[in-house]
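When you get a sec, could you build the whole thing from the sequences and use the hints?
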Amino acid sequence: MTYTLAAPVNESMASASDTLIIAMIVTYAAAMFLFAIEAAYGTRTKLKAGRLMPVGAGSVEGGDGDIEVNVRSTEKEAQASQSVLGRIALAVTALGFVLNLAQIVTRGLAAGRWPWGNMFEFVVAMCLVAVGALLYASWRYQARFLGAFVLVPVLLLLGVGVRWLYVDPGPLIPALQSYWVPIHVTAVIIAGGGFMVSGVAGITYLVSHRSETRRARGETVTGIAGRLPSPEILDRISHRFILFAFPLWTFGVIAGSIWADEAWGRFWGWDPKEVWSFISWVIYAAYLHARATGGWRGPKATWINVLGFLTVMFNLFAVNYLFSGLHSYA
Amino acid sequence: MSTTTSENSHDEPESPAPKPKGLGALGWARWIWRTLTSMRTALILLFLLALGAIPGSFLPQNVVSVDEVATYFRENPELAPWLDRFYLFDVFSSPWYGAIYLLLFVSLAGCVIPRAITHAKAVRARPVKTPRNLGRMPYVARFGTDATPDTALERAREVLKGYRIERYEDSVSAETGYLREVGNVLFHLALLGLLLALAAGAFFGYRGNLLLVEGDGFANTLPSYDAIYPGHWTDTDEFAPFTIHMEDFEAVFIEEGSLRGQADSYVADLRYTEEPGGEERTHRLQVNHPLSVGGVQVYLLGHGYAPEFEVRNADDEVVFDQAVPFLYRDTMSFTSDGVVKVPDTGGEELGFVGVFLPSAMEDSEGELVSDFPGARNPMVTLEAYRGDLGMVDPQSVYQLKTQGMEGLGESPVMAVGDTWELPEEAGSITFTGVKEYATLQTNRDGARLPALAAATLAVVGLLVTLFVRPRRVWVRATEGEDGRTRVELAGLGKTEAAGDNTEFHELTSRLAARLRSEPDDDPNTPPEKSTTQGSDR
Ligand code: HEM
Numbered sequence: 001m002t003y004t005l006a007a008p009v010n011e012s013m014a015s016a017s018d019t020l021i022i023a024m025i026v027t028y029a030a031a032m033f034l035f036a037i038e039a040a041y042g043t044r045t046k047l048k049a050g051r052l053m054p055v056g057a058g059s060v061e062g063g064d065g066d067i068e069v070n071v072r073s074t075e076k077e078a079q080a081s082q083s084v085l086g087r088i089a090l091a092v093t094a095l096g097f098v099l100n101l102a103q104i105v106t107r108g109l110a111a112g113r114w115p116w117g118n119m120f121e122f123v124v125a126m127c128l129v130a131v132g133a134l135l136y137a138s139w140r141y142q143a144r145f146l147g148a149f150v151l152v153p154v155l156l157l158l159g160v161g162v163r164w165l166y167v168d169p170g171p172l173i174p175a176l177q178s179y180w181v182p183i184h185v186t187a188v189i190i191a192g193g194g195f196m197v198s199g200v201a202g203i204t205y206l207v208s209h210r211s212e213t214r215r216a217r218g219e220t221v222t223g224i225a226g227r228l229p230s231p232e233i234l235d236r237i238s239h240r241f242i243l244f245a246f247p248l249w250t251f252g253v254i255a256g257s258i259w260a261d262e263a264w265g266r267f268w269g270w271d272p273k274e275v276w277s278f279i280s281w282v283i284y285a286a287y288l289h290a291r292a293t294g295g296w297r298g299p300k301a302t303w304i305n306v307l308g309f310l311t312v313m314f315n316l317f318a319v320n321y322l323f324s325g326l327h328s329y330a
Numbered sequence: 331m332s333t334t335t336s337e338n339s340h341d342e343p344e345s346p347a348p349k350p351k352g353l354g355a356l357g358w359a360r361w362i363w364r365t366l367t368s369m370r371t372a373l374i375l376l377f378l379l380a381l382g383a384i385p386g387s388f389l390p391q392n393v394v395s396v397d398e399v400a401t402y403f404r405e406n407p408e409l410a411p412w413l414d415r416f417y418l419f420d421v422f423s424s425p426w427y428g429a430i431y432l433l434l435f436v437s438l439a440g441c442v443i444p445r446a447i448t449h450a451k452a453v454r455a456r457p458v459k460t461p462r463n464l465g466r467m468p469y470v471a472r473f474g475t476d477a478t479p480d481t482a483l484e485r486a487r488e489v490l491k492g493y494r495i496e497r498y499e500d501s502v503s504a505e506t507g508y509l510r511e512v513g514n515v516l517f518h519l520a521l522l523g524l525l526l527a528l529a530a531g532a533f534f535g536y537r538g539n540l541l542l543v544e545g546d547g548f549a550n551t552l553p554s555y556d557a558i559y560p561g562h563w564t565d566t567d568e569f570a571p572f573t574i575h576m577e578d579f580e581a582v583f584i585e586e587g588s589l590r591g592q593a594d595s596y597v598a599d600l601r602y603t604e605e606p607g608g609e610e611r612t613h614r615l616q617v618n619h620p621l622s623v624g625g626v627q628v629y630l631l632g633h634g635y636a637p638e639f640e641v642r643n644a645d646d647e648v649v650f651d652q653a654v655p656f657l658y659r660d661t662m663s664f665t666s667d668g669v670v671k672v673p674d675t676g677g678e679e680l681g682f683v684g685v686f687l688p689s690a691m692e693d694s695e696g697e698l699v700s701d702f703p704g705a706r707n708p709m710v711t712l713e714a715y716r717g718d719l720g721m722v723d724p725q726s727v728y729q730l731k732t733q734g735m736e737g738l739g740e741s742p743v744m745a746v747g748d749t750w751e752l753p754e755e756a757g758s759i760t761f762t763g764v765k766e767y768a769t770l771q772t773n774r775d776g777a778r779l780p781a782l783a784a785a786t787l788a789v790v791g792l793l794v795t796l797f798v799r800p801r802r803v804w805v806r807a808t809e810g811e812d813g814r815t816r817v818e819l820a821g822l823g824k825t826e827a828a829g830d831n832t833e834f835h836e837l838t839s840r841l842a843a844r845l846r847s848e849p850d851d852d853p854n855t856p857p858e859k860s861t862t863q864g865s866d867r
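Protein chains in written order, with the numbering used here: chain P, 1 to 330; chain F, 331 to 867.
In short, the hints are calculated from the structure, not lab data. Given the structure is predicted, the values throughout are model-derived calculations rather than measurements.
Using 20 angstroms as the maximum straight-line C-alpha spacing, the simulated SDA-like pairs for lysine to any residue come out as follows: (1) F:Lys824 x P:Leu288; (2) F:Lys671 x F:Ser758; (3) P:Lys300 x F:Met369.
Have a look at this one:
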């Protein structure tokens, strides 16, 4: 027997979600602009000591007990270009985050299902995670200085999403109707957002590292490159997000193979998407190893991190369009 | 921490092992082993593992689709045999890829197992003796207090909750985070286990494809399959003897809007038994809802149409009456092609080449096409042939060899119930109805659960490795010249985890605060408890 069915789409939710996409892109663009001004024209001031910030040598504890602290690692003091514009930018980013979230919710309501079932929805959700990670890093690690850098790929991805990947909201193909899919896809999206922030922090690290080397040679470094925070902090933030994203990615790949087992009768079949998730996984494992291997820490390890992020992006775009495979649900 | 490496205890060989100088075979073997199990080699092998996988995504692979490889050979007759020589169509089972991952796993075992043994000893040992000069540690704090040195150390013990603590004269030595190393070993060994499980599954399991028309059945024996892929050591005579009968198949398609024609669901209603004559059970087979029977998983892979035909010979006797599976060209129109072979007519053999349109309509150019995958208006057109089907040789059921046959012409467009009287009184063919078929895959892979268990352990081990931070803290309290007690707290993070200094600093602050609220020492202060037991975190 064959039945047919009308796609149930809630039109008002669908149009609300489409409006929200534009609103959120405009908001993120405004935030990026403000962050960029802060990075370029703010005054270079010391960051508060915090979770990832060094406790400065010789700092004095308030009250009556004087504590003399000596930190062996002669950390350069963590400084970043700061201005009040950055705070505004952060608030605008938070607004964009709310719009982004609302967009995803309305789209889910429009289609009557969890809202990451195709490339467009996938990209939008990954941007949400990256911005969420930026907000978290700003709060927890005072890493607001990453704002301009994180929002660049976010806006690029959203632009690509709207221009080339957009599809109307609607139901899913049968292979995607499994509760393992939201689990798998959610893990992969969150890990992807983490890798994105880590990759961006990594690139910023490479620039900052280079500025520092040039400064050490006595050259003067101008522009944003010269006003970046110290490489150590960028490296630490970058590493932090890998620690968060790598186990999630591992879990996501496993959840995906459980789903593949249910849907296709094998849990691992070297389909191009599987091959590339494996490649990304191995590269991030190599990154973690490199940090424990003499002579590899620093820029070399960071290049591996950046390479890892490129493979994640390649997997997202190229594999869906270049190869035919079971995963080509673009 | 950018500078902790020098003094922390990553037990990695810092540089490649020194090359042996005239040490003979044993020396060389030792050198090779040390090089192979170094972190640097592991890193290189990980890169090779990633690099080697790349051709596996760009070139068609036999594990993914034998057909795509065949197409590639046809389109690149020069290049393909060369690529094949390097196993580039079987990357993941090639000797060179195997060499990479075997070396990696040998390196892994050689690296991790000695580490596990060292660690097992370290876990039982007491925290190390306090170094004489704490000033060399990455984090050192000093402050003065009016409490006695003994009180200061006792308070330090309280502040260092969760650490394993040992008192050494004027100091305590504390250590925590032993679990990290356990996690690291667990993670790496779980990967080893995963590899072994995968290998076992590939050697002992099998995978098979079959096609089942509504109303038909299947028994799990080798000949029932259209295609079967057993492992090297699979016993093909010992298949689980289950049977399956497909009652009904349903496909639902989206009818309106931009997603028109996209499939919404497929459902196959099955009856099955564990063995012939066994108790009969039912199962609704859907994508993502496989049937598990006799240790074998049965999956719904795809579907298609099987138009039913009745063929009569020249004497008007029914010589053929069954559903014939057709293969679809695309999933939007489900326009399908098939062949009807009628060897037993009492006279010359008959063959038909047919095109099936599930939702036939005329397009703007007056051509008959199918505009929907569902069977809304099923139609077939046939071409008839008479002569020798050539059935003595094995042949595909989807192809008609027309060399030995004479064409009898084309049928009109036939709806269900229509009959075409063949030219030259060769008989007739009636399009009696439409059934659907499902393509199923069976898979026996004993490694599924062991592999899942190993993967789960790997994740657990990974989380422990990444988030447990082993670190050491020493507190020394000595009487200063001014009669006050000088407290010195030093911390060493054994991994490069950030935030260690912050944490050590918090310990210092807490200890200082406690000593500050300490009532001035007098002889009536109760004597310290002298437990030395700490605990692991
Ligand atoms: C399948 C291949 C491998 C994978 C996926 C892998 C993955 C990992 C990961 C994710 C970590 C955690 C790093 C961290 O603590 O931040 C790690 C640590 C480690 N791995 Fe591997 N590894 C593999 C093979 C090997 C091999 C072949 C060796 C030995 C030669 C090795 C030795 C180590 C050691 C010693 C550590 C601890 C590093 C430290 O103390 O920080 N691994 N590995």
